[in-house]
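Whenever a hint applies, use it, and build me the whole structure from the sequences.
Quick note on numbering: my numbering labels position 97 of the sequence shown as 97, and the sequence is numbered without any gaps.
No lab work stands behind these hints, which were simulated from the structure alone. Idealized CB from N, CA, C, for every residue including glycine. You may find that some hints are simply not true.
[Unchecked claim] Computed cross-link-like contacts, DSS-like style, restricted to lysine-lysine with a CA-CA straight-line distance of at most 25 Å:
id, residue 1, residue 2
1, K12, K38
2, K12, K26
3, K26, K2
[What the hints assert, rightly or not] For each label pair, taking beta carbons as the anchor points, the in silico distance ranges come out as:
id, residue 1, residue 2, range
4, K61, R34, 27 to 37 Å
5, E40, S6, 13 to 23 Å
6, K61, K26, 16 to 26 Å
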Amino acid sequence: MKGVSSIEVNPKQHKLTVVGYVDPEKVVARVAHRTGKKAELWPYVPYDVVEHPYAAGVYDKKAPAGYVRNAMDPHVSQLARASSTEVRYTTAFSDENPSACVVM
Numbered sequence: 001m002k003g004v005s006s007i008e009v010n011p012k013q014h015k016l017t018v019v020g021y022v023d024p025e026k027v028v029a030r031v032a033h034r035t036g037k038k039a040e041l042w043p044y045v046p047y048d049v050v051e052h053p054y055a056a057g058v059y060d061k062k063a064p065a066g067y068v069r070n071a072m073d074p075h076v077s078q079l080a081r082a083s084s085t086e087v088r089y090t091t092a093f094s095d096e097n098p099s100a101c102v103v104m
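Written as structure tokens, this is what we have:
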């Protein structure tokens with residue numbers, strides 16, 4: 001297909017990854033036609049990409065490890081985020097922070 005730059009097949013997850021500039025619906029239709037099997041878009045995205053991975057409708061028990069459901073819900077985006085003060089308190093005692101508070 002025009003616009004496809006790479007294809008990766010993961011038989012363990014029954015997943016075909018297509019990278020490039022192409023209409024997703026055309027790819028699904030072509031894969032379904034060529035293989036004779038049902039094809040659908042992968043509903044999961046990596047955990048790090050989602051703003052609130054444990055919000056209702058995003059976390060899915062069926063998702064593979066490290067993935068959550070991709071949900072664009074306007075109510076989810078209004079959840080409270082950690083303020084800069086809260087972030088400073090939690091990182092002040094972090095082992096990964098070289099300038100953290102150390103008590104000996």
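Hints and how they fare:
1. Taking the CA atoms of K12 and K38, the gap is near 17 Å; set against the 25 Å cutoff, the hint holds.
2. Taking the CA atoms of K12 and K26, the gap is near 24 Å; set against the 25 Å cutoff, the hint holds.
3. A threshold of 25 Å between alpha carbons decides the hint, and for K26 with K2 the separation of about 11 Å falls inside it, so the pair holds.
4. In this structure, K61 and R34 meet the distance hint of 27 to 37 Å, their C-beta atoms being roughly 32 Å apart.
5. The hinted window of 13 to 23 Å between E40 and S6 holds, with their beta carbons roughly 20 Å apart.
6. The hinted window of 16 to 26 Å between K61 and K26 is violated, with their beta carbons roughly 31 Å apart.
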